[in-house]
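S.K.: Listed here are the chains, written in short residue letters.
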Amino acid sequence: MTDHEPKILVFLCNWCPAAAVDRPDVAAVAAEKGVREVRVFCSGMVDPSYVVKALASGADGVLIAACPPGNCHYMTGNVRAHARYHLLQKLLGELGVERERFRLEWVPHHESHKYLAAIDEMARGLAKLGPAKVGLGRG
Amino acid sequence: MAKKRIAVFTATGCRVCESVLLDLHYTVNPLTRWADIVFWPYVSGNSRDELEKLDGVDVCFFAGAVRTEADRRAASKLREKSEIVTALGACAAFGGMPGLANLGMVEGEEKEESSPLSSDSFPPPLPGREPCVRALPQVVETDYFIAGCPPTPPLTWAAVQSLLGGEDRQNILAFATSRLPGNVAEAVASGALPPRGTVFAGEKAVCASCSRIKEKKRFKELRKSRDRDADPSRCLLEQGVFCQGIVTREGCGGLCTAAGVPCRGCFGKAEAVYDPGARMVSAVASTFETLDPLEVEKIVGDFDDLAGTLYRYTLPSQCVLRCPPPLEGREGATCKP
Amino acid sequence: MQAITLDPVRWQEEPARITVLPQEKPKTCFQVTAPRNIEEMCVGRPAEELPRILSILSPSHHLAAARALDSLYGVEPPVPAQNMRRGLLVASTFAHHLKKLSFLLSSLESPFEGHHAARRRERAPAAHRMLDEAMRHASLSREAASILGGRADHPLSAVAGGVSRFLKKDHYVRLEEIAEACNAFAVRLADYFQENIWEHAGIRNNLLASGVGPLPALTLEEDGKVLVYGNGKGIHRFSPEETFEKIELRRERWSYTPFARLKEHGGEDFSPLPEIEGLAPGACFFVGPLARFNAGSVPCGSSAREELQRLADDLGPFPHHSPLAACRCLMVELTGAAQEMKDLYAEPNFLGPFTRTVPTERGREGHGALESPEGCIFHRLETDERGVVRGIQVLDAAMANHALRCFLVQKTAESFLGRRSGTNTLKKALETSLLPF
Chain R
688 MTDHEPKILV FLCNWCPAAA VDRPDVAAVA AEKGVREVRV FCSGMVDPSY VVKALASGAD
748 GVLIAACPPG NCHYMTGNVR AHARYHLLQK LLGELGVERE RFRLEWVPHH ESHKYLAAID
808 EMARGLAKLG PAKVGLGRG
Chain L
683 MAKKRIAVFT ATGCRVCESV LLDLHYTVNP LTRWADIVFW PYVSGNSRDE LEKLDGVDVC
743 FFAGAVRTEA DRRAASKLRE KSEIVTALGA CAAFGGMPGL ANLGMVEGEE KEESSPLSSD
803 SFPPPLPGRE PCVRALPQVV ETDYFIAGCP PTPPLTWAAV QSLLGGEDRQ NILAFATSRL
863 PGNVAEAVAS GALPPRGTVF AGEKAVCASC SRIKEKKRFK ELRKSRDRDA DPSRCLLEQG
923 VFCQGIVTRE GCGGLCTAAG VPCRGCFGKA EAVYDPGARM VSAVASTFET LDPLEVEKIV
983 GDFDDLAGTL YRYTLPSQCV LRCPPPLEGR EGATCKP
Chain C
190 MQAITLDPVR WQEEPARITV LPQEKPKTCF QVTAPRNIEE MCVGRPAEEL PRILSILSPS
250 HHLAAARALD SLYGVEPPVP AQNMRRGLLV ASTFAHHLKK LSFLLSSLES PFEGHHAARR
310 RERAPAAHRM LDEAMRHASL SREAASILGG RADHPLSAVA GGVSRFLKKD HYVRLEEIAE
370 ACNAFAVRLA DYFQENIWEH AGIRNNLLAS GVGPLPALTL EEDGKVLVYG NGKGIHRFSP
430 EETFEKIELR RERWSYTPFA RLKEHGGEDF SPLPEIEGLA PGACFFVGPL ARFNAGSVPC
490 GSSAREELQR LADDLGPFPH HSPLAACRCL MVELTGAAQE MKDLYAEPNF LGPFTRTVPT
550 ERGREGHGAL ESPEGCIFHR LETDERGVVR GIQVLDAAMA NHALRCFLVQ KTAESFLGRR
610 SGTNTLKKAL ETSLLPF
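Protein chains in written order, with the numbering used here: chain R, 688 to 826; chain L, 683 to 1019; chain C, 190 to 626.
Hints should not be assumed to be uniformly reliable.
[To be verified] Simulated crosslink set (DSSO-like; lysine-lysine; CA at most 27 Å straight-line): (1) C/Lys422 - C/Lys452; (2) L/Lys686 - L/Lys759; (3) L/Lys886 - L/Lys896; (4) R/Lys740 - R/Lys777; (5) L/Lys898 - R/Lys777; (6) L/Lys906 - C/Lys357; (7) C/Lys358 - C/Lys531; (8) R/Lys694 - R/Lys820; (9) R/Lys777 - L/Lys980; (10) L/Lys763 - R/Lys777; (11) R/Lys801 - R/Lys777; (12) C/Lys214 - C/Lys617; (13) R/Lys720 - R/Lys820; (14) L/Lys899 - R/Lys777; (15) L/Lys886 - L/Lys902; (16) L/Lys735 - C/Lys617; (17) L/Lys763 - L/Lys686; (18) R/Lys815 - R/Lys777; (19) L/Lys896 - L/Lys906; (20) R/Lys694 - R/Lys740; (21) C/Lys216 - C/Lys617; (22) L/Lys896 - C/Lys358; (23) R/Lys801 - R/Lys694; (24) L/Lys980 - L/Lys896; (25) R/Lys777 - R/Lys820; (26) L/Lys685 - L/Lys763; (27) R/Lys801 - R/Lys815; (28) C/Lys617 - L/Lys759; (29) L/Lys896 - C/Lys357; (30) L/Lys906 - R/Lys777; (31) L/Lys886 - R/Lys740.
[Stated by the list, open to error] Per the computed footprint, the stretches of chain L lying under chain R, defined by three or more beta-carbons under 8 Å from a beta-carbon of chain R, are: (32) 968-978; (33) 986-997.
Note that these hints are calculated values from the structure, not bench results. The beta-carbon is built from N, C-alpha and C at its ideal position, and this holds for glycine as well.
Let's have the full structure, built from the sequences with the hints guiding it.
M.R.: Structure below.
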C-alpha cells in the first residue's frame, strides 16, 4: 500500500454527466480525489490518442464519463465511445497498463452519486497500484 | 565538385538495407560517381576499430536497431565523425522488429545476461545487451530517415541523390523531387538539403497509394484463416482483415495490400498521427458495424496481440506508452519521428 | 604478439567477430556479436504472422514458417501454390549464391573502384565487368522473387495453406524472360570462373588453406527425411518432426548464436578436427550446398551436372570439406537453380482454381523443414488454444554451421601463421574461407 495520491483525468461529457457533476458539493469532492476535468461535447469525441497521451503524461488513471445508452444527444456517440473503450482497454492491457487505470462510466444526469462512486473506487484502486510503470520515458 | 565521403553500417539487423544500397549501385548508377565509400564493413571489409581513425564522413547510412553496447558505441562514433546521419530502414528509424523484445520488459525486468567474462579472458567478452532496444534517433541526433522494411529502391535512390548531390544534380533530381512531399521536393530542387528530420516518404497514409477500392467504412468482424480469401479488389479493412495502412506512412506504393496481405506498418506512422496503436483502435472501433455492447465485446475478444501487431516495427520509438527511458543527451527524443 | 581481430567479419550476414592470438599454437575464436532474439519476436504473436515476421531472417525462413503453418493446420497447399513457393525458393537460391560468388570476385577487384582505375592498373577489367553483370542478374532474380513472393528480400506471399494471390498475365511473361537471362548468364559465369577464378593463385590459396573434414553433412532427402551423412555412410536418419529431439541448441557464453549438436553422436571419431573448448567434434555437423553434394545430391539440368563434373575433375570425388569445394558447389547449384527457373516459370505451373487450401481445424504444434540456399533449416512452433505462439524453435544455417566456422577459423589461422604471412593476408584468408558458409 503506497501513499501515492493519484491524478485522475476525467473526460466529462457536457450533457448528462456534466449536469450530474455541476453541483458545488460534487465538484469539491471530485477535486479532493485528485480529479482533473476536460469537458467534451460528447464522449464520442474522446479519441483513444487523448487517453494514451494522458496516461503517458502523468495521469494515473483516465475516466470517460458518458451519457447512458439511448441518451446521447448525438444519437450514437456514446456507444462509439464504448466500442473504442473496449478495444483500447485490450491494447493498454497488452502494453502493461493495469485495467483499473482506464474506465468508462455511464452517468445519468440525476445520479451524481454514481459519478462519485466511480471516482472513489478508481482513486482507491489507483492508490494501491501506485504510479504507472509505463509512460513517456519510463519504458 | 569534391566527392562526398560515405559510410554504411548495420548495427543489429539483417543485411538487406545495405543490399538495397548495393543493388542501386549496380543497377541504377554507381554510388562512386558522387561518393567515396570510406567505411562499409559488409562489402569492403573495414573493421570497427577503423572508426576511431576515420576522418570526416559526409553522409553515414546507419541500418539496424541499437541492441548491444557495441551498437550504441558505433552509433555515437559515427555521429561524431559524420556531417549527416541517415537512419536506413525501419530498424534504425523506429526500432524495427527487434523492438518487439521491449514488450517483454515491464518494470525494468532484466533478461538473462551474457558476458560475465572478465576483460582479459579468451574468448573475449561479447558486447553486452542493452536493457532495451532503441531506434537510432533515441541514441544520437539523426538527420534523415529512409523508412521501410526493407526500404524501397525508388525512395532510397531519391534520398541518395538528394544527400549526395553531384555535378549533374539537376537532371537526376527531377526523379527525387517527383517522389517526395512538396516542401521536401522544393528544398531538394533548389539544391538545399531537405529540412533535418525529414522522412523520405510521403506524408499521407498508405490508403492514398493502395490500389484497392474503398467503399463503406464498416468493420463487421475479424476475418480468420478458416474464412475464404478476401476479395482482392476491395479494401482489406472493410473486409475484416486487420490492415494498418490507415495509420502508416505511404511511400511503398501499397506493396503488401497488392500482394494480398495486410499492411503492418513498416514505414512508421503517418505524419498526422500521434500514436499509431491508439489511432488504429480509433479507426477500427469507430467503424464497428454493430452498436450492441455485447456484440462489441465479442468482436474485441477476437483480436489477438494488438500490441505486437500495431507496433510491429515501431515499438521503441512510436509507442508512446513504451518508449525506453531517454539516454543522457537525448532527453528530447523519447518518441520520434 | 598483438591479437588479430576482424570485427565485423566481412560478407557475413550476422555481425560476427574473429579473434586470433598468434602464438605457437594459435588460439582463435569466432563469435556472433549480436543476438537474434527469434523467440522474443515470435512468442505472443498469432501463428499466421510468423511467415512475415520470420521473413526478415531470409526468404527461406518465410517459406519454412509457412510450412510450419500448413502442418499446424493440417493442410497441403494446392499445386499452383506449391509451385509459386518453389519458384520463390529457386529465385532466392540463385540470388543468394550469385551474391556470394560476386563477393568472391570482389576480393580481386574492389567493387567501388572505377573501370578506368582498374584498366589503368592493368588488372582484369573483365572481372569488373563480370561483377557488374553478376550483380545485375542477381537483381533480376530478385525481381522474380518479388513477383512470386510479393517482395524480394522479406517476402509476403506464403500464407497458411498456400499463397496470398494469383500472379498476373504480365508476370508470366516477365518470369520467363528472367529465367532465360539467368540461365544464359549462369553458364557464362561458370565458364568465366572455370577460366579465370578457380585457378587464380590468390583465390585458390585462400580457399584451400583449410577444410573441415570430416564433419558429417546434414541434409533433407527426397523423401523428406533428415539424413546425417559422414565417413561414407548414413549415420542418422529421422523425420523432421524429431529434429529438436535429436539436435540440441546450446549457447556458449562467448557467442550469441547457439551451436547445434547431435545429442547422440554414435561415437563417430572426427578427431582430425581441432579441439575447441565446449565443442565435442563428434556431435557436430554442417549444412549447405557442400553438405548436400557430400550426401549425394544430384543437381538439376545438364549444365549443372557439367559444372559438377568440372568440380570433380579439379578436386576429385566427394566428399569434400574445403572452402574451394564449397564455392564450386555454389556455382553448381547456381546453374541448377537457373535451369529449374526455366523449367518452372511457365504459366500453366502457376494456374489453378485456388491459391490456398482453406483450413478447417487447427492443432497446437507445427513443423516446417526445407533446404534453403544456406542449408537445411527447421522450424517448430507451439500455440495455445487461440492460435497464439507460445513456443518456437528455429534451427538455422548459422547455428548449424557455427561449429564449422569455428573450426575453419582455427585451421586457417594455423595454416597461415605457419607460413609466416602478414596480418592482412591472414585476414583475407579468414574472410574468404568463411564466405561460402
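S.K.: Would you pick out the hints that fail for this structure and give their numbers low to high?
M.R.: Per hint list: single violation, 10.
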